[in-house]
Amino acid sequence: MSNILKTPVLPYCKGCGHDLIAKNTARALEDMGLKPLDVIVVTDIGCHGIIDGCLNTHTVHGLHGRSVALGAGIAFGLENPEKKIIVFIGDGGSTIGLQHILEAARLNLDMTVVVHNNMLYGMTGGQTSGLTPCGFRTSTSVSGNPWSGYDLCALAHTSGAAYASRIAGIGDISSSLGEAFAVKGFSLIEVIEICPGYGVKFNPGRKLSEIIESSGKLPGKWENRREQFGGVHGSKSGSLFEDLDIINSEFKSSLEKPLSLIISGSAGEGVQLAAALLSAAVVRSGLHVTQKGSYPVTVGVGFSTAELIISPFQIGYHGIDIPDVVVVTSGDGLAHCRSRIEKMAGGILFIDSSLQAPGTGADVRSYDFRSIGARAACLYALFRFADSTGYISKETLYRVISDGGLADKIPVKRISELIDG
Amino acid sequence: MRSKTDQKNVIVDGSRIVIEAMARAGADSFIGYPITPANLLYQYAGQRFPLMLPAPDEITTLQWMSGLSACGRIPVTATSFPGFALMIESINMAFMMELPMVIILVQRLGPATGTATCGAQGDIALLKGMISGGHQLPVLCPSDFNDCWNLSARAVSLSAQLRTPVVFLTSKEEMMTRKSFDLVTLDDIKPLKRSFYGGDKPYMPYEPGENLVPEFLPVTSDRWQVRLNASTHNRKGILQHSGEEALANTRRLEEKPLRNLPDYTIFDLDEQKGAETLIVSYGISAAAARDAVAVIRESGKKISILIPKTILPVPDTCYNIIDSYKKVIVAEENINGQYAKVMFGERLPDRIRTVGETGRMIGRDAIIKEEAAL
Ligand SMILES: Cc1ncc(C[n+]2csc(CCOP(=O)(O)OP(=O)(O)O)c2C)c(N)n1
Ligand SMILES: [Mg+2]
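Chains H and G, in that order, are what the protein sequence lines are.
Here the first sequence is numbered in the working numbering, starting from 1 and rising by one per residue.
Here the second sequence is numbered in the working numbering, starting from 1001 and rising by one per residue.
The shape of chain H in the complex, shown without the other chains:
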């Protein structure tokens, strides 16, 4: 009795090619000298997939169409590359999960995919699949399929598979299967069969060899010379916290209660960077900070807003309903927070002088922020904020900029001239 197979009696209809593939797979593996536990068989959902109960190998029975990706995951996780991964999938599974085949071929993962192409969805009643040949009759195209099927081997080959082959499921196919199994890297072997239930019923008298001939997808072998995927098992550098600056509170702040600040400008104009620099200055001043970003999904167009809460105490909720201070450097920025500016009953609005301030209870301070260039406008505005409120000193902002290596990227000198006259 066979070693790979638990039993010679398989759960298939008389004459089914799936039976032939299973038995020849066992023979091929035994011929290679592989023991059952050297092999991991991943099976798809479909008639071919019910084989796993009959195997002495490791077996993994997953979802319809996903077996190649599941097998790929095992290939990534294998620490013993001597194990052989074999995926059994149908023609139906091959199209619902086509991406998985292309991906495993592209990455050249070490595994073999055996496509049981019986030219229709067998388990669900013989419907037309993406591999059904033109003219072939099925339960859903009784007058013949008007389209021809995918060339799965060509797809795998052009995606980079080390090996792809197509054979007719007739006679002893163990050496063809063995050739695919022996490949180091991704191999796919498509075995064409005729389903004795539906294929024969709807296409009486047609012979497999003739169907293959007229489909135009002839038996063959296509190879790419390439190395199998070697794995990415290196370990990474230490903690993610090592990249963070430890910020000591070396300055003092006169702030006695939480302050909410919105900085609103245009994407690509350094809003988030200015907010990050201010945040660092805040922590250096012995305060707590939260910095919430808000921007549209598109990068580089539209508004960009940062909402900061600055507080001598631990901060809980970090949203801002009506802000204490708003900094606006562009029209996009104004549009985004106009309604909240209008609701302000006090506080300060710093706004670029090119813009018309909305009606607000805030004290409006208008400056030509953009005069030093759009990308520095926000920082200039934050220096104005520091200068007029005194909560964060200008020195602290300078220090954060120079310690961050940004002193020559930001026109700090010009800013200080503008502010200090």
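Hints in this document: simulated from the structure, not taken from any laboratory.
Among the clues, some could well be false.
[Unchecked claim] Not everything, but these chain G residues come out facing chain H in the computed CB check (under 7 Å):
(1) Arg1048
(2) Gln1063
(3) Leu1068
(4) Asp1222
(5) Asn1229
(6) Ser1231
(7) Ala1287
(8) Gly1359
(9) Met1361
(10) Leu1374
Owing to the predicted nature of the structure, the values given are computational and were not obtained by experimental measurement.
Don't be surprised by glycine CBs; every beta carbon is placed ideally from N, CA and C.
Start from chain H and add chain G with the ligands according to the hints.
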């Protein structure tokens, strides 16, 4: 309070804390597919995880994770609703095969693609009903940075301990907002020590072990045959239609997360003697709820607050706490009281009130207002 000199103050986002914690806890593989607001997690994982792979879609993501898990690894991914939706059939598979893994779900505003850069708490009803058959996988939900640290580690150990996928539920503002934070407040994380089946009888992959959890053996074993199966199966892992043994296995899948729930019931409870009102909130809304409680107490009123962190299954302990209050306010960032309804049904009892919001975080004042109106 710690003296200033002992502090290690940094400005950090929640994503960095979560990935660092999961890596320290023993998660060793990350599969990524880009989606806002989960991209920071993907980026950091690439810098931190021993194995990081870019998948071509989220179905592949979950399948690769399942393969890695079958080999004895603990994989992690991070996504948002659109990606999560694609993963659901495969998460069912991993649930059925009993494969440890962690899925970080960063909620954003729906429906569909909704607004990628806007937070939400809109996926709780989905998490309640996503396993066919109504079974439940564990969902842990952090309420602050210290939770991001501790709960991330717990999600990793829990997935191995229960042999199950675990969902780590967050939202945009929790994962992307930068905050000043003292790293010294983080506890040590001990890396997970996994033990695999070492018996001298053939391995039975679905034989109920301690607390209904079957022992695990990687599919690469040289000693025993391993069978994993996402179809209805017996203890050996062989497909069965609906035989007694197979249905017993399915019943065990229902029972497993519930029987073990006391072991992973995590919440914060701050009770005031004599208080008749309880505020319940979780995730991103918890901070506003805590702030609201502080204000209400300052005004002289008594009030208690419960922050559940084991969101699903709903722990009995949480029900018992809630049941001991006359009035309950559940605050969550959706407009249909999803968690309140998960707990108490579509038609909420009178004593259960909700505070909701969509497209923006719930503010402290909305909760205070609801309390005042009671
Ligand atoms: C996502 C999903 N869609 C549909 C099905 C239903 N289904 C089960 S088997 C099958 C067809 C299998 O056909 P094929 O892969 O060609 O295998 P065969 O039965 O012909 O061997 C389908 C569509 C499923 N299980 N999962
Ligand atoms: Mg088929």
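Consistency of the hints with the structure:
1. Because the smallest distance between the Cβ of G/Arg1048 and any Cβ of chain H comes to about 5 Å, under 7 Å, the interface hint for this residue holds.
2. Look at G/Gln1063: its Cβ gets to within about 3 Å of chain H, closer than 7 Å, so that hint holds up.
3. A hinted interface residue such as G/Leu1068 counts as satisfied when its beta carbon comes closer than 7 Å to some beta carbon of chain H; here the least separation is about 4 Å, so the hint holds.
4. At its closest, the beta carbon of G/Asp1222 sits 6 Å from a beta carbon of chain H; the interface hint therefore holds under the 7 Å criterion.
5. For the restraint placing G/Asn1229 at the interface with chain H, the shortest Cβ-Cβ distance is roughly 5 Å, inside the 7 Å limit, so the hint holds.
6. Interface hint at G/Ser1231: satisfied, since its Cβ lies 6 Å from the closest Cβ of chain H, which is below the 7 Å cut-off.
7. The restraint placing G/Ala1287 at the interface with chain H holds, with a minimum CB-CB distance near 4 Å, inside the 7 Å limit.
8. At its closest, the beta carbon of G/Gly1359 sits 11 Å from a beta carbon of chain H; the interface hint therefore is violated under the 7 Å criterion.
9. With 7 Å as the threshold, the beta carbon of G/Met1361 comes within range of chain H, its nearest partner Cβ sitting at about 4 Å, so the hint holds.
10. For G/Leu1374, the suggested interface contact is broken, since its CB lies about 21 Å from the closest CB of chain H, more than 7 Å.
In the structure shown, a violation is registered for the earlier hints numbered 8, 10, in ascending order.
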